[in-house]
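Asks: Here's the letter readout for the chains.
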Amino acid sequence: MHVDMDAFFASIEQRDHPEFQGKPVIVGSPPDQRGVVCAASYEARAFKVHSAMPSRTAGKLCPQGIFVRPRMHVYRAESAKIMQVLQLFSACIEQVSVDEAYLDVSPSFQDYDDQDTALEAAEAMAREIKARIKQEVQLTATVGLGSNKFLAKLGSGFQKPDGLTLIRERDKIAFLRPLPVGAIHGVGPVTAKELNERGFMTVGDLQETTIPLNDILGSWSATLKQRALGTDDRPVDPTDERKSISSENTFLNDTDDRPTLRTALKELALDVAQTLEKEGVGALTIQVKVRYSDFTTLTRQLRVDDPLTQTDEIYRLACHLLARHQLVKSPLRLIGIGVSTLVPPVRTQLRLPL
Amino acid sequence: MKFSISKEAFLTALQQVQHVVSTRTTLPILSNVLIKAGNGQLQFVTTDLDVGISGTVAAEVEEAGATTLPARKLVSIIRELPADEVEVTVDERNVAHIRSGPSFFKVMGLAADEFPPLPTFSEAREFKLEQRVLKDCLRKTSYAISTDETRYVLNGILCSFKENMLTMVATDGRRLAMVEQELEFPQSNEVDIIIPTKAVNEVQRLLEDEGEVTLKVGSGQIAFDLGDFFLASKLIEGNYPNYRQVIPGEARERIALDREPLLRTLGRTSLLLSDKSNSVKLHLTKDNLEVVANAPDVGEARESVAINYKGAEMTIAFNPEFFMAPLRNLVSDEVYLHLIDEISPGVLRSGTNFLYVLMPMRVNS
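In the order they appear, the protein sequences are chains S and F.
With the working numbering applied, the first sequence covers 4 to 357.
With the working numbering applied, the second sequence covers 129 to 493.
FYI, nobody ran anything at the bench for these hints, they're computed from the structure.
For every residue, glycine included, the Cβ atom is placed at its ideal position computed from N, Cα and C.
Wrong hints could be hidden among the right ones.
[Said to hold, decoys possible] One-sided and incomplete, this derived list gives chain S residues near chain F with beta-carbon spacing under 10 Å:
hint	residue
1	R319
2	H323
3	L324
4	R327
5	V331
6	P348
7	V349
8	R350
9	T351
10	R354
11	L355
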């Protein structure tokens, strides 16, 4: 089951400011300043305003929009209340972010003969969860129900706001078939474009193909094929251990000046290394992220053999990734470094001091 | 163009050049082999723009000419031909007609003049050595080349030509293999170069136990001239790290070991290792070496080797793969292991000219 709060930040602002109700609320920087939209109410979304859009653009699209500065501490407190509600229904909850979570509710429905009757029985629970959330925090949530995380998430994205979608096992292939390839979580605009260029427009095209997709997608192609067929074996992971650490920097003015970028990268590397040290972990995967002036965002990553802990090593690999994939081909608005696959920071194989 | 040749000679020559042909290339002609016929011989050329190989083989040439044909496809066709002789004619549209016994193939080619030429080496430093010697030096070092592309200077073998000595070094930061070979050349020829992995692999395939090879080192490039075959490659640009500083100057313990039995002992014990636990421990006591491998969920293996050892009791752990690699590629019966302590590099020596520095792993018990 996937529970996703509807326009979370904006809905809280509308709840706390009754005068905002029914009006386009945009949480983020004011439209005359550099910065982005964190969240937009459904009224604002009607003007094509969406999160991560520059506030300036949002101001143009929706001049009557009510711009509100984010109050993160309030949102976090509301999030905690919602998670407490969810805990009444399942012991296995994976909180993905401040406003969404996966619940493994299968233990409560073990006695059913087949998955579809179990899912249908869980629908009542989903309704109750929505009602309890509304009662506790006066906010609406959309719930997706499916036999795995992928289908549940797809369901919660299907009918927003205040929706509830059940994807039965026997319907999943047909449900997925007409969706665009970009509906699969993990297929971003770039991958979607590449798939489209090769004639894969819908998930159905992916279901039917026998062509190996490795050339376009690399190792991810097997996962994609599975998703297209509605299978996903990732368990709901209730541990709240950190899975990644990242740091990013938006420039005051877009830049491709190498010394400026190097200085920024060094600071980010230092920041990430310090967090790694604080958490007492090392990382086996490093990723760089760049965003260009037109908001196209790219990430590239690589895996290493020995856990990364040191600033200079993180910096060196980040520079390598940028150069290897020629990411600085036009001025950057944002640059970021992230690390994941966190492991104990022990290097059992000693290295030559070369 | 028209020629006939024995299937075996055709196939052998093609196979020697086909490995550089890349399967994924943006330039279609790089998937092809250039074939030139003339003067009673065929010349085959392949390149991926980093490494290029050309080879010649005798053939009955009826009509001289040149074309390019898809290399992998051609190799698989020739390999499967039913008769011992092959006859090839290529028309002006670069369509090849291949006949052998009852079978006939028509293969579409591309024009020869589109094929990128191999670099020339007019003003190059030249070094002559026996193929056997170069082959041996490459074999003793190439397995230690780094595959970590983020340190590209290590993705090849350093060849240092200094004071009538050729020193070859390869390292991946965890172990380092070095071989020294006396070689006469004028002082003006002294140079340090890094030969990339692909060229190393290809030239190893071409080298024989007989005959000479001429190395031609030009600006940013190298050629290996073996007579019948010629290989040209770009060099890796950049500074190789100062490898001398990681070679321990002295050793506390010197242990003589029988190479092959040790290799087998390590191979047997490492059967018990897993992804999570990939070290073997060497436990040294008076006149005994015990090799121990254990993995928590798998089990344990132990084997004792009688040695001559009078030093302090010590346990040092190594990645068995890194320990076995040089043992596999040496020929001497005896090797010497020099140790200092549990966390200092171990040094394996064979003969007077081979040295291998191996960093230990942390022992966790």
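Asks: For each hint, tell me whether it holds in the structure or not.
Replies: Okay, the hints, checked on the actual structure:
About 7 Å separates the beta-carbon of R319 (chain S) from the nearest beta-carbon of chain F, less than 10 Å, and the hint is met. Residue-level restraint check for H323 (chain S) holds (minimum Cβ-Cβ distance to chain F is 5 Å; threshold 10 Å). Because the closest C-beta pair between L324 (chain S) and chain F is about 9 Å apart, less than 10 Å, the hint holds. Look at R327 (chain S): its Cβ gets to within about 8 Å of chain F, closer than 10 Å, so that hint holds up.
Interface restraint check: V331 (chain S) against chain F, minimum CB-CB distance 17 Å, threshold 10 Å, status violated. Look at P348 (chain S): its Cβ only gets to about 12 Å from chain F, farther than 10 Å, so that hint breaks. Restraint check, V349 (chain S) versus chain F: the minimum CB separation of about 7 Å is within 10 Å; hint holds. With 10 Å as the threshold, the beta carbon of R350 (chain S) comes within range of chain F, its nearest partner Cβ sitting at about 8 Å, so the hint holds.
Given the 10 Å rule on beta carbons, the hint for T351 (chain S) holds: about 5 Å separates it from the nearest Cβ of chain F. Taken as an interface hint, R354 (chain S) checks out: its beta carbon lies about 5 Å from the nearest beta carbon of chain F, inside 10 Å. Here the hint on L355 (chain S) is kept, as its CB sits about 4 Å from the closest CB of chain F, short of 10 Å.
Violation of the numbered hints given earlier is confined to hints 5 and 6; the remaining hints are satisfied by the structure.
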